[in-house]
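K.L.:
From these two lone chains plus the hints, build me the complex, please.
Sequence lines, in order, name chains A and B.
The numbering of the first sequence is my numbering, which starts it at 1 and goes up by one.
The numbering of the second sequence is my numbering, which starts it at 1 and goes up by one.
Among the hints, a few may not be true.
Listed below are the simulated DSS-like cross-link pairs for lysine-lysine, each with C-alpha atoms no more than 30 Å apart in a straight line [claimed, not checked]: (1) B:Lys227 - B:Lys93; (2) A:Lys20 - A:Lys2; (3) A:Lys101 - A:Lys20; (4) A:Lys2 - A:Lys101; (5) B:Lys227 - A:Lys101; (6) B:Lys260 - A:Lys105.
No lab work stands behind these hints: they were computed from the structure.
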Amino acid sequence: MKTPFRIALELAWSDGSMSKRGAMMLEQLGDAFDLSAQDRALVEDEFVAEELSDRIDRGSGTGADLLHLWLEQTLSELAREDIGAQIATIACAAVEAGLTKQGWKDGIRYASEMGLGDAFARAVWAEEEIHEVEGDVPQILIPLSEHLLG
Amino acid sequence: MVEPERVLHSVMVIAFERKGVIEPDLKIIRAVLSELRLNQEHATDALDHIRQFRGDGDWSGKRESILGVAISRIEEGISEGLLSNSGITGALKRLIEATEVGSDSADADDPLAAFEEEDEASDLAALEFEDAGSSRGEQEAADTEFSIDESSESAGDDLEDIDPFELLEAGAKSESSDSQDGGYTDPLDALMEDDEFEDGPEGSFSLSEDEPGASPGDDEVSEGDSKEDAASDADSIIDMYRMMLDTVWVDDLIDPSEMKLLTRKREELGISFETHLRLVREMLEDGE
Chain A
1 MKTPFRIALE LAWSDGSMSK RGAMMLEQLG DAFDLSAQDR ALVEDEFVAE
51 ELSDRIDRGS GTGADLLHLW LEQTLSELAR EDIGAQIATI ACAAVEAGLT
101 KQGWKDGIRY ASEMGLGDAF ARAVWAEEEI HEVEGDVPQI LIPLSEHLLG
Chain B
1 MVEPERVLHS VMVIAFERKG VIEPDLKIIR AVLSELRLNQ EHATDALDHI
51 RQFRGDGDWS GKRESILGVA ISRIEEGISE GLLSNSGITG ALKRLIEATE
101 VGSDSADADD PLAAFEEEDE ASDLAALEFE DAGSSRGEQE AADTEFSIDE
151 SSESAGDDLE DIDPFELLEA GAKSESSDSQ DGGYTDPLDA LMEDDEFEDG
201 PEGSFSLSED EPGASPGDDE VSEGDSKEDA ASDADSIIDM YRMMLDTVWV
251 DDLIDPSEMK LLTRKREELG ISFETHLRLV REMLEDGE
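Looking at chain B on its own, in the form it has when it is part of the complex (with noise of 0.2 Å):
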């Protein structure tokens, strides 16, 4: 069962992702905070460990690992009742197809453009989504409208810079404004639009020298350097791999589910064992 140290912190990670930078008091993740029983102190875990490895939001360049894992568990903690309010539920299930989505999808596809603040400072305690009329098919169906309880709130909390679903609203609007005005651009682009292995930002990697989104002067590439560029490659996947146990492994507990995604990651990564076992030490080494 995942605990829900771990979902909070998926939840600040994707959170974060999609808003572009890091900001604790997004109204999304006191909610889910209040929701998972969890104190202030979790939170502050959760946000020490997100700003040690994410970096200026690349994450090292294993940011689609890092937001696999976070969706797991975020989807892992509402299908076992960690997560029942149908509101939270709803909004998070519509970011995580929203970060899944990424930039394919238009503006006026994004579920996401449909949650709207009703009520912009009235009530840290409530959060309201409301459906924004326009077309949307089947997503526009359900989770338009929801309230959260959170009783523990207090009334003299800050709500001015709390906007609980500005970071959707940013998503949409960079969706449709980037490519005219190179105003924000939604860091989960580059993640979304590429496999796992393909060629990107710095710091992410290649498993195929036939990658399509290789880069202009990749024709100039040596032997050499491409036997540089795989190794380089294959130290990628070891230190995306290392992040991933970094990750799971944030609670400082480590449990079947995670077990198991890892199983999963060192299948389709080709990492032994044994190699799993030398990361897992030398991570063990490095934090005493």
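Only chain A is shown next, with the shape it has when bound in the complex (with noise of 0.2 Å):
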């Protein structure tokens, strides 16, 4: 499963190149999510060994656009107050729906890149009493929810 930051880098190479703006909005969503070197580093060297090893097209780096847009509104969303509430809606759903190993392992790898990986697992493992939201899931958790939930 593409985890947040993952999806940010194939949207700033998604013409084959990234330009410098594209690398300082990856730093800017790496800074936001808090997110280590070492977890970092072992999403890019899964995209470079994915999506980049074969490829020989080049760009202009204009993915930056699209990350520009993305990236507004996923920091948008994750100043939301619900947001801990939404992913915990998510993650109860994904239990009553019957959570497998590797949903837990993409689920809680996605949700702690962003630093949501606390509102996560304590719903899943049902540590604390869910109070499940209603509404229109956040864009950002959108991917989660399809994963876990199909």
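P.N.:
As structure tokens, then:
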């Protein structure tokens, strides 16, 4: 499953090249996520191995525009007060549906990357009562929701 | 909702523990397999897991927890209607009851002793229990006779070595004879006599230094040994909880009831959430 930072990487490199502006936005995202160098390296190494190693096309870094739009929305959603409740709701629904080991691994990685690992884990493991929220799922959580709930 | 695979796994766990050995061909297992509409592959998966963790029957000293999880799952499977055949559910309830009562029950009080195989080999599809007619109070009133249709069973199955409730008879016999001839010992005896954390067979553990079941040599244990024991006990608790994690995730799925069970166990055992997450991570890494 692609994590948020991986999604951002793919947007930045979407035309075959990453601009300096795109690279700066990745730094901004990494800071916003408080992503450790180790975790970030893991994501980037996977991306390079899977996406860039055989790539020969070269672009002009226009992916930065896509990344900019995505980043604005993502940072806005992460600032929402209910973002923890939102991911907890997804976690609860995943358990209700039957959570696989791989689902747990993917989910906790996805959530942890955004600093929401604790909210996700506590919801999954019924560590505390969860007040599920209704309404639209934030854009940044849709990949997680689709991955765990189909 | 509990998964059928887990119910089957749990029935196998309880049946094998009651039997004292792993016997995949027990008729009760085949009946449950059919009732749950599962196939032999599911049974093989469960069997593999049991063989991996059961050891010689003590589940590395965590038998009580394993049985507790298994009983919970079976009861949930019954309550949720996964197992609706009254004959099967009756048999399972009695099996659970016998497991929970364990060696505390005298032979005459063993509800499972009421079961006898009436039709030995005529049809694998038909399991019948007959009330033995002895006085067993309220337990004899119901569930005294039932049949299970298993049309999928082939007539060519080996019937002779499949005694659906031989395990129950073995349990009853042991309770009447083990004090006399040292023969069959109900593998659940130690489990049923002791609280979860009492001293017991090798691999078990105690949270209290004042356990009445302490071994004779405990008086001679030094303070240093006590500390080592405490550390060992803590390790055992962790090991037990980890085994529970393995067990609830045996079919690669975990559901709300299992989450609640694990949450309750964490509280009971004093395991922090952080430790729990570490154990989950370790378990998943070990599985890779």
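K.L.:
Give a verdict on every hint.
P.N.:
Here is what the structure says about each hint:
no.: 1; hint: B:Lys227 - B:Lys93; result: violated, 42 Å
no.: 2; hint: A:Lys20 - A:Lys2; result: holds, 23 Å
no.: 3; hint: A:Lys101 - A:Lys20; result: violated, 38 Å
no.: 4; hint: A:Lys2 - A:Lys101; result: holds, 17 Å
no.: 5; hint: B:Lys227 - A:Lys101; result: violated, 36 Å
no.: 6; hint: B:Lys260 - A:Lys105; result: holds, 20 Å
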